[in-house]
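Engineer: As you go down the protein sequences, you meet chains A and B in turn. Sequential numbering from 247 applies to the first sequence in the numbering used here. Sequential numbering from 85 applies to the second sequence in the numbering used here.
Don't read these hints as lab results, they were simulated from the structure. You may find that some hints are simply not true.
Unchecked claim - One-sided excerpt, in silico: chain A residues whose CB lies under 8 Å from chain B: (1) Leu263; (2) Leu338; (3) Glu616.
Said to hold, decoys possible - Footprint (simulated), chain B over chain A, 3 or more residues, beta carbon under 8 Å: (4) 277 to 285; (5) 327 to 334; (6) 342 to 351; (7) 444 to 456; (8) 523 to 531.
No residue lacks a Cβ here, since even glycine has one placed at the ideal position from N, Cα and C.
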Amino acid sequence: MPESPQPDAPLPDERGLLHLAVALDGAGWHPAAWREHDARPEELFTARYWADLVAEAERGLLDLVTIEDSLSLQSAHPFEPDERTDQVRGRLDAVLIAARIAPLTRHIGLVPTAVVTHTEPFHLSKAIATLDYVSNGRAGIRVKVSGRADEFAHFGRREAPRVSAEDFDSPSGQAALEELFGEAEDYVEVLRRLWDSWEDDAEIRDVATGRFIDRKKLHYIDFEGSRFSVRGPSITPRPPQGQPVVAALAHRGEPYRLVGRSGDLGFVTPHDSEHARQLVAEIRAAQAAAGRADETVHIFGDLVVFLDEDPGAAADCKARLDRKAGAALTSDAAVFTGTPAELADLLQEWQRAGLTGFRLRPGTLPYDLEQITRGLVPELQRRGIFRTAYEASTLRGLLGLPRPANRYAAGAVDATAALV
Amino acid sequence: MSSKPLKQIHLAAHFPGVNNTTVWSDPAAGSQIDFSSFVHLARTAERAKFDFLFLAEGLRLREQNGEIYDLDVVGRPDTFTVLAALAAVTDRLGLAGTINSTFNEPYEVARQFASLDHLSAGRAAWNVVTSWDAFTGENFRRGGFLAQEDRYERARQFLNATWELFDSWRGNEIVADKESGVFLRDPNPGRFDHHVGEFDISGRFDVPRSPQGRPVIFQAGDSEAGREFAASAADAIFTRHGTLEAGRAFYGDVKGRLARYGRSPDELKILPGVTFVLGETDAEAQERALVIRRQQVSGQTAIKLLEQLWNRDLSAYDPDGPLPEVDPLVGEHTVAQGRASVRMHRDPLTVASEWRALADAKKLSIRDLIVEVTGRQSFIGTPAHVAEQLNEFVQTDASDGFILVPHLTPGGLDEFADRVVPLLQERGVFRTEYAGETLRDHLGLAPLSVRAAAAS
Ligand SMILES: Cc1cc2nc3c(=O)[nH]c(=O)nc-3n(C[C@H](O)[C@H](O)[C@H](O)COP(=O)(O)O)c2cc1C
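Just chain B, with the same shape it has in the complex (with noise of 0.2 Å):
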């Protein structure tokens, strides 16, 4: 037996996103842009004790054969504006926002950061993402001007002049004597100069530092580039490696790329995003998450996911036919845009030829197909179960937490809040309470003092 402390584990809620994983179908599926669905995950999420809830964002509506995508859920709320209004109906809960460094600019993101940290007392968090393609740069004044292979050296860039601003106000100009009649110590407070790259701008940050000093910063990619990038300057990565192998030789990739950066391993929490079905037994949720495979999975649907492999218009396929013949469409990808998950894809001939044997073999229909080979939930079971499961792979270094994505909207959550969590509060490896106030408090990272480039 190893005497290693137990580890313990972070627990963050996904609102349900836009993409299939999300059952919009199924009459307990709510709305997902009032404000009240938000509330509900969020006051869940709270309730037990986790530590963030987590937006996604993407900045144009998803396209396939040209039209706009309409099988999954569609639109979602601005992300700064649904988590300060958060910040209202929370007290503790962390409040993380995915934000692209295409196509904004860091004087606004460092004051819309500054300004939710300060209205949440210390709760926000950036998930820095890097989409660039010119598709979603048509609703942007620059257009489409990021070439990929520069997406992380903007990002870097990116951060960089954030950090520099978000360090130009140390924390104690603010002196506020109504009998003296001082209210600033230091005449220039958030002066900056940052001439980098991308980024040639000067002058003065016009908001205080924040609780936190800056938000929490995520990242959310998975390329070399991407890896780099984390482990030189994130808090936490959202990963997708939600299975044990590939978590753990994702955990040790990166935590191991933490040294040459000067950090230490806790410095960096792995959080992959992960989907769970309960169960009273393990075969009823085996049932329960088959159910839901085949609502996430509607016919319509596995031919459109079959479409952004085989990079074609499939719709004259019946998708409880056999595969199509034809082969797939090798080279630039027409079929599927604003998704990031049609650049995941490996080599699309080989992925089909694997496909169409798995077909072959267990008598599979494209539809049966696709439910087979696609988003499986990642833990499946009694509450017992699942967070034996849960525990097993933060013990073991395939991760440090979760990000939970429930497949409904806004009640997905509640079953584990109330049946999982309280037994991983009895393993003793899930706060019963919060401890601190921040986020940089629950998950453990230590304070942030002012950059000693930035004092200087």
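Same shape as in the complex, but just chain A (with noise of 0.2 Å):
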């Protein structure tokens, strides 16, 4: 069975500790990635490419990884297909590159990227309790919405929202962000209700009777809501974490809602420590509205990173990748380049805002994840700020989560009621 940690700590964490993880995406997140020295765009599609990065992340005691995924090749576009060929195009399914490598690690949390506007819950649901099985409690989701058009039109089963990025604030861009982020909503109250569908106890194999399991011990979750209906119960046990871990990205309103409401984690862009304080306030606020004020929610800062231990080297490695790709990257999340002291300086400052970690994004892989694990975890031990060694073995453990009681079991609200 996996631990039970503590009960909540206040946030940020009691002994000042941050948390870390790492956002895998191809070769990297700077578009001209792929033609650094040690780069291995060769080798994208194979498992031992993503083992290699998520073993050196273990190496380096960070909370988790995110894999990043869509369901439309990648494009310098936001919301339509290109015809580049300069830049990384094609990848692997997330949730299955974390199945693959999750026998390969042991302490590491993984948290795939899904997109909830197309899939089924009912699939989803289970794939993530199987990747808490098959990890032994390491599984977590980031769940994204899509509005693409093109993306629509690989599924065709409906109209994608006539918006575009410049008019999300219009009346109408406003509809279609309220129509995909409440989709989203009711998709995660789906998969939680499911991960609870089975109660831990519910297989009893009692000879005597003949009964494999206690079926009173089964529900069904029986939602509905305006674009889906779902039965249940799962085909799935309830995973060893419990509720695995349920993330988001975050940049408005409707996500900020989103992770207040039902998220364990949020990932925010903050461009200065005065943004993310306004952003964790926001966000803050979102879940005291939803009545989860005294639950643990993180809220992560992202950030694009190019590090190296020579002062200026990350600025001209940047500069470098800028004039291969005929462009300065631009980013949602701020872009940062220095050495590992400085950007520790930073983080420290931003936590002091209030955030509870950060979830870099490695300009260039491996290198940039590299100087992450042997060059800021280390500064970040020294100023005491980081774990030295990995403290829990699921991925709740880690962020500080307890394992959460089953909502459907008898005396389910005694049971939250003694962990707060």
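Hints are included, so try docking the two chains, each in its own frame, into the full complex.
Structural biologist: What follows is the structure, encoded as structure tokens:
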């Protein structure tokens, strides 16, 4: 059985420790990263490539890795496919990469991305439950909506909302976002109910009565929403963590609400510490409005990072890649270039703004990942703000999240009350 | 004597399923869900040089009399996820998953299978099943939207759509030349446009061509439409015909359908799901087989299995007493849901009268009768005798090999791997080493080229 760590610590971590995640995507987050001398672009579609990266992240004692995904080819355009031939195109299913890596690692959390707009909550729920089984309690899922017309056309089931990036704030844009994120909230609700649809001790193997399960401990979830209905129970028993970790990247009000209402972990993209403070306040308000003020919800700041021990070398690297790409890197997240010690300074400053951790997006792989695990992590350890050994064997444990009571179990209310 | 060369046998391991073949009450029975059980079976199969491991799937827990069925194993992992994880602990073993064509969409399934094939370096297989019922549909967005008679039409269209996606990358697009900065040779890989029947989809597929080109395709279904579907599109069939006579008839029938599709008989492997019981002597094996049968059919299970034919609540009957006097309820099945087998019964009144006659003649209780008439093991005997029977089965064209269904998780294949496989190897009818890397290689299927239609 996975351990149940102590109930909620006050935030940020009372010991002042910060949490660290790395976001893996292709050859790194710079579009020209695949051209670096140590890049392995011809191996992007092999298991070994991903296994090596995650092993490196685990060597650095990181809390988790996320794996990017979408239901379309990468594109330099945010809402349409492109025809570029000078950047990485093509990817593997992130949940399956995570599953392939799980038996090769022991401590690190595995958080693949999944698009909820076009997929079945029943399938994803059992997939993540199974990722939790094959990793012995290290699974999470980052849910993502898709408003792209090309992704709708890949499924051909319904019309794409007619909005472009520019008119998200128009009434029709607003309505489209409400719809996408409303569906995401329903979807996460179904994931969570299905994970709880088996009580932990439902399997009884009672030879005397011939019963394998106690069917009273399996529950129909009977979710009925405007977009889909799901009867349940899951075909997969409750996963080791009870509830795998649910994460979302949030740039605006609708996803802040999603994180506040149903998430365990939000990724935000502040541009300075004041901005970080505002974002944290918004999510905490959404959390409180959802009646979850007492629960641990992590907020990690996202940063694209180029790192080097030599002052100036990281900036040179980014400039070189920008030249190769023919344009300066643009990102939703702040882009950092500097030494690991300088990054540690920045993380500490932003931590004081209320962020509980960071998700670093390495500009290049494996170089910037190794700078994190071999440069930044030792620096943070010297400063006493990062773990020196894995202290838990589950992802919830690493994040200080209790193993939750089952919502359907008799006495569940009492059990929850006892935890807070 | 015929000078026909010996056929090579194909062997696969079926992870014990959620039906009463699987004995969970035995002290040796382990977890049905812990990953370690899957690892054990997969490593045993790979140690014995099996072609592949096979996972079944059902997308709603079974019910009987309106309640979740609790007498058999309940609960399974997600197929894709557990197969991807097993790719990490095996090197050559094929990884076959059952995935439904009714409650999925082609783009997603194609990227999952293409990804699994990449992550396993060419070992993925897809058992295309067509369960369509509204009962299962209650777990999915579209509910029970498909009529029974449309299930294979959707399956055919679904498979064609995924093939177009798999073939949308030809395998030579990625250059990844760091010097020149050319990652792709082609600005437009993955382009597809598919507007046929159920599917109205277009765009760009996002997974480059996988080592096998596409997963090996299995079919499991017995109707006329199912056989035709297999003959047109499958690389292998998972069948229930596990006796010599039924096997030969099925084999002849299905192989005979291939020519019409321009295919040769060895392009479709026929693999029945079979069970086995070993012993030091044939008599001891028979005794063990009976013990296992009684483990598989508890008194409670006997009543439930009888209800599936009778289509009535029989909970008031004593399993150690005689068969019910009341007749089966003819018409729509209302008692049991979520099982393919329920649809397999012939006319229930005829079967019931045969069962009554048998019970009268042999003085059988309900439980004795069910033990007698259901799920008798396919191969029983000493390792030498079982090896001989398996070989005869294949050499006389009752099948091309077997999907072995052990009754115990996870160790139910150990004895077969240790004692029967070496005898098959001695006879020269089973590999002693993997000759190739991919599942297609193991099955003796030629490598695929990109289909002309998609390439043009
Ligand atoms: C040997 C065998 C195994 C099967 N395994 C599965 C399974 O794992 N999951 C499933 O949904 N259906 C399974 N089926 C059901 C078939 O795919 C099919 O939906 C059903 O048999 C109805 O088709 P038919 O009328 O052609 O037989 C299986 C069928 C056979 C014969």
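Engineer: Each hint needs a verdict: does it hold in this structure or not?
Structural biologist: Now for the hints, and whether the structure bears them out:
Because the beta carbon of Leu263/A sits about 30 Å from the nearest beta carbon in chain B, more than 8 Å, this interface hint is broken. Interface hint at Leu338/A: satisfied, since its Cβ lies 4 Å from the closest Cβ of chain B, which is below the 8 Å cut-off. Interface hint status for Glu616/A: violated, as the beta-carbon distance to the closest one in chain B is roughly 19 Å, over 8 Å. Note: the stretch 277 to 285 of chain A has 6 residues with beta-carbon separation from chain B under 8 Å; the three-residue rule is met and the coverage holds.
For the stretch 327 to 334 of chain A, the assignment as covered by chain B holds, since 7 residues bring a beta-carbon within under 8 Å of that chain's beta-carbons and 3 suffice. For the stretch 342 to 351 of chain A, the stated coverage by chain B holds: 8 residues have a C-beta nearer than 8 Å to a C-beta of that chain, and at least 3 were required. Chain B is given as covering the stretch 444 to 456 of chain A, and this holds because 6 residues of the stretch bring a CB closer than 8 Å to a CB of that chain, at least three being needed. Counting residues of the stretch 523 to 531 of chain A whose beta carbon lies closer than 8 Å to any beta carbon of chain B gives 0, which falls below the threshold of three, so the coverage claim is violated.
In this structure, the earlier hints numbered 1, 3 and 8 are contradicted, and the remaining ones agree with it.
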